[in-house]
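Enquirer: What follows is the residue order along each chain.
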Amino acid sequence: ELKVEQNPLFLSMQEGKNYTIYCNYSTTSDRLYWYRQDPGKSLESLFVLLSNGAVKQEGRLMASLDTKARLSTLHITAAVHDLSATYFCAVVPMRGDMRFGAGTRLTVKP
Amino acid sequence: SQTIHQWPATLVQPVGSPLSLECTVEGTSNPNLYWYRQAAGRGLQLLFYSVGIGQISSEVPQNLSASRPQDRQFILSSKKLLLSDSGFYLCAWSSWAAPYEQYFGPGTRLTVT
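Chains as they are written, first to last, in this note's numbering: chain A, 885 to 994; chain B, 51 to 163.
Bear in mind the hints are in silico, worked out from the structure with no lab data behind them. Glycine residues also receive a C-beta, built at the ideal position from the N, C-alpha and C atoms. Treat the hints with care, as some may be off.
[Stated by the list, open to error] A few chain B residues that face chain A, going by a derived Cβ cut-off under 8 angstroms, partial list only:
{"hint": "1", "residue": "Arg92"}
{"hint": "2", "residue": "Tyr99"}
{"hint": "3", "residue": "Val101"}
{"hint": "4", "residue": "Gly102"}
{"hint": "5", "residue": "Ile125"}
{"hint": "6", "residue": "Leu140"}
{"hint": "7", "residue": "Tyr153"}
{"hint": "8", "residue": "Phe154"}
Chain A extracted, bound-state conformation:
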């Protein structure tokens, strides 16, 4: 069964700092998604990564995928308060349904 592990689960960082969230998964996959969830809200799609070496950037967020290492990263550059949210990665295995990580709750402090 596919397991998706995110770390850290909780992240408190200062504005202006950089940090990386990691998403490891346990089985072969070439489809990985990153979502953002604001408190009490639904999920918003951030990135879709569909091949080994894929890199996508939007504003201060950059996501990458290494299918050989079964690892995706979400890098935050010069964090601002508006980035405070919970970030989920979700993996689609070669066989089976999408599985979500537990989420990383990010708090950016001034």
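Go by the hints and put chain B onto chain A.
Expert: Chain B only, in chain A's frame:
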């Protein structure tokens, strides 16, 4: 453009009462439909998915059930709620052409008392 609706947005129900949550999608045909549950501070758990009218697959055995009476309507039900059914219920859809790109509805927050 496609939109997804869920209602109610918030629900407080006593233990043992029935449940019916509704999800509808506009602007697309024959979508794949999903029900997820998110417990407080936790990740998402896939409960049910459907690839067509009357076709329901269950991921986790529980006291919940799902139905798809129309192409763009997905209903989550229970005959008797448990305290452990409390959570944030999210409906999602994907197209048959891109089945793994899911779009989420606004969610229903259920509190069982």
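Enquirer: Now tell me, hint by hint, if it's right for this structure.
Expert: Structure-based check of each hint:
{"no.": "1", "hint": "Arg92", "in the structure": "7 angstroms, holds"}
{"no.": "2", "hint": "Tyr99", "in the structure": "7 angstroms, holds"}
{"no.": "3", "hint": "Val101", "in the structure": "11 angstroms, violated"}
{"no.": "4", "hint": "Gly102", "in the structure": "16 angstroms, violated"}
{"no.": "5", "hint": "Ile125", "in the structure": "18 angstroms, violated"}
{"no.": "6", "hint": "Leu140", "in the structure": "6 angstroms, holds"}
{"no.": "7", "hint": "Tyr153", "in the structure": "7 angstroms, holds"}
{"no.": "8", "hint": "Phe154", "in the structure": "4 angstroms, holds"}
In terms of the numbered hints stated before, the structure departs from hints 3, 4 and 5, listed from lowest to highest.
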